[in-house]
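**Q** As a plain string of letters, each chain reads:
There are 2 protein chains.
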Amino acid sequence: MDPKNLLKVALPKGRLFSDVFNILLKAGFKLSKPPEKYFRVESKEKNILFKIFKNRDISPLVASGIYDLGFTSFDWIKENRVEVVELLDLRCGVVKIVAAIHRDVLVSKLLTKKVVCATEYVHIASEFLDGMKLKYNIIPTSGSSESYPPEDSDMIIDIYNTGETVKKNNLKIWQELFTSSLRLIVNPKIYEQKGREVNSFKEKLWIALKGKSF
Amino acid sequence: MDPKNLLKVALPKGRLFSDVFNILLKAGFKLSKPPEKYFRVESKEKNILFKIFKNRDISPLVASGIYDLGFTSFDWIKENRVEVVELLDLRCGVVKIVAAIHRDVLVSKLLTKKVVCATEYVHIASEFLDGMKLKYNIIPTSGSSESYPPEDSDMIIDIYNTGETVKKNNLKIWQELFTSSLRLIVNPKIYEQKGREVNSFKEKLWIALKGKSF
Chain A
1 MDPKNLLKVA LPKGRLFSDV FNILLKAGFK LSKPPEKYFR VESKEKNILF
51 KIFKNRDISP LVASGIYDLG FTSFDWIKEN RVEVVELLDL RCGVVKIVAA
101 IHRDVLVSKL LTKKVVCATE YVHIASEFLD GMKLKYNIIP TSGSSESYPP
151 EDSDMIIDIY NTGETVKKNN LKIWQELFTS SLRLIVNPKI YEQKGREVNS
201 FKEKLWIALK GKSF
Chain B
1 MDPKNLLKVA LPKGRLFSDV FNILLKAGFK LSKPPEKYFR VESKEKNILF
51 KIFKNRDISP LVASGIYDLG FTSFDWIKEN RVEVVELLDL RCGVVKIVAA
101 IHRDVLVSKL LTKKVVCATE YVHIASEFLD GMKLKYNIIP TSGSSESYPP
151 EDSDMIIDIY NTGETVKKNN LKIWQELFTS SLRLIVNPKI YEQKGREVNS
201 FKEKLWIALK GKSF
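Protein chains in written order, with the working numbering: chain A, 1 to 214; chain B, 1 to 214.
Mixed in with the good hints, there may be bad ones.
Copies of the same chain look alike in the list, so a pair counts if it works inside one copy or between any two.
[What the hints assert, rightly or not] List of simulated lysine to aspartate or glutamate pairs, DMTMM-like, C-alpha gap at most 20 Å:
| hint | residue 1 | residue 2 |
| --- | --- | --- |
| 1 | Lys204 | Glu164 |
| 2 | Lys37 | Asp19 |
| 3 | Lys46 | Asp19 |
| 4 | Lys135 | Asp89 |
| 5 | Lys202 | Glu192 |
| 6 | Lys51 | Asp152 |
| 7 | Lys4 | Glu197 |
| 8 | Lys114 | Glu197 |
| 9 | Lys13 | Glu151 |
The hints are simulated quantities; they were obtained by calculation from the structure and are not laboratory data.
It should be emphasised that the depicted structure is a prediction, and the values quoted were computed from it without experimental measurement.
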């Protein structure tokens, strides 16, 4: 494969993978479903390499130019603070990012003191808590932030999907920060260099998405 | 509960949880198995709080004094470079940390150039690659490093458990760095302050482990 014509496309592992895979099939890409624990999507597209990465790693992979294109969720594009161009909102994998507190805690009481916030989203949390004019400490986590309140943190900032984990851990939503969904992103320099290939890729997805009821 | 007498114990989520839970039961702690997605272990131990966190977050939680004791794997104690005292090696959750490369790559050829290494273990990888006198770039990942070679990295440094993911992604082990297993750790200052409680906790586990065939 000539790297000049090759498009490198990063796909997200986990809950978002099947959404992306189905859209790609619908867009006409000839792909084989990868076996479990195999991080490559075999395809008949000679000029496209599809590989699977952790969702949160995809925007840095695209921003650094290791990948040309990536499918990843808006929350991690925002959290990673990287320079990428968003080409499409695929309007699937829709989740809320929320600030949640223990169900027995009164907000009025909480906000009178320095707030301890456990979160995977350190940048998003800082921005939000600064905006609320609160004094705060952040405990950075790698996930399962729902474990922290009330003993170890006053608040979490986390993804809210079905709400099951929040409810099971006796938390309630205090504020909704924003809604995240799956996006197609491109490296800005690559977009200049491979505009034709990138636009052709985007166009196929765009047509496939038009048939999706929003 | 009087915080002076309360022991806060952090348990790891995921593959290590059932090992820890079974050892605690065997050590005589009266615990209820938590429902899925509930991050608290209810117990009849009035002076012990058991909560569940991501394995990699546990050594920082203990080092910062948020938790007194933690069960966590040696690889993440080493990677996090935190000051904790190791009380017991529980000799379960045994895995190797390895450097792996694509199966078709000749090591002799690989080592003549600057090596790109994808890994979750940035500190461990730097130490290893410095020791090997190699020039290198590290791509920090959040997991699934097996996806990177050969296009995106020459090497990965990762956990090797059953070997399934390494093999499925056409990799082979180049070097074994060390063996990791589950450890009981304590915060050094807490150990001074609550020595009696900590030693009593450790003793119970020690007796339970003696019945374990090594």
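**Q** Hint by hint, note whether the structure agrees.
**A** A quick look at each hint next to the structure:
| no. | hint | verdict |
| --- | --- | --- |
| 1 | Lys204 / Glu164 | neither (36 Å within a copy, 35 Å between copies) |
| 2 | Lys37 / Asp19 | within (18 Å within a copy, 24 Å between copies) |
| 3 | Lys46 / Asp19 | neither (23 Å within a copy, 46 Å between copies) |
| 4 | Lys135 / Asp89 | neither (34 Å within a copy, 40 Å between copies) |
| 5 | Lys202 / Glu192 | within (14 Å within a copy, 61 Å between copies) |
| 6 | Lys51 / Asp152 | between (38 Å within a copy, 10 Å between copies) |
| 7 | Lys4 / Glu197 | within (10 Å within a copy, 65 Å between copies) |
| 8 | Lys114 / Glu197 | neither (51 Å within a copy, 31 Å between copies) |
| 9 | Lys13 / Glu151 | between (33 Å within a copy, 18 Å between copies) |
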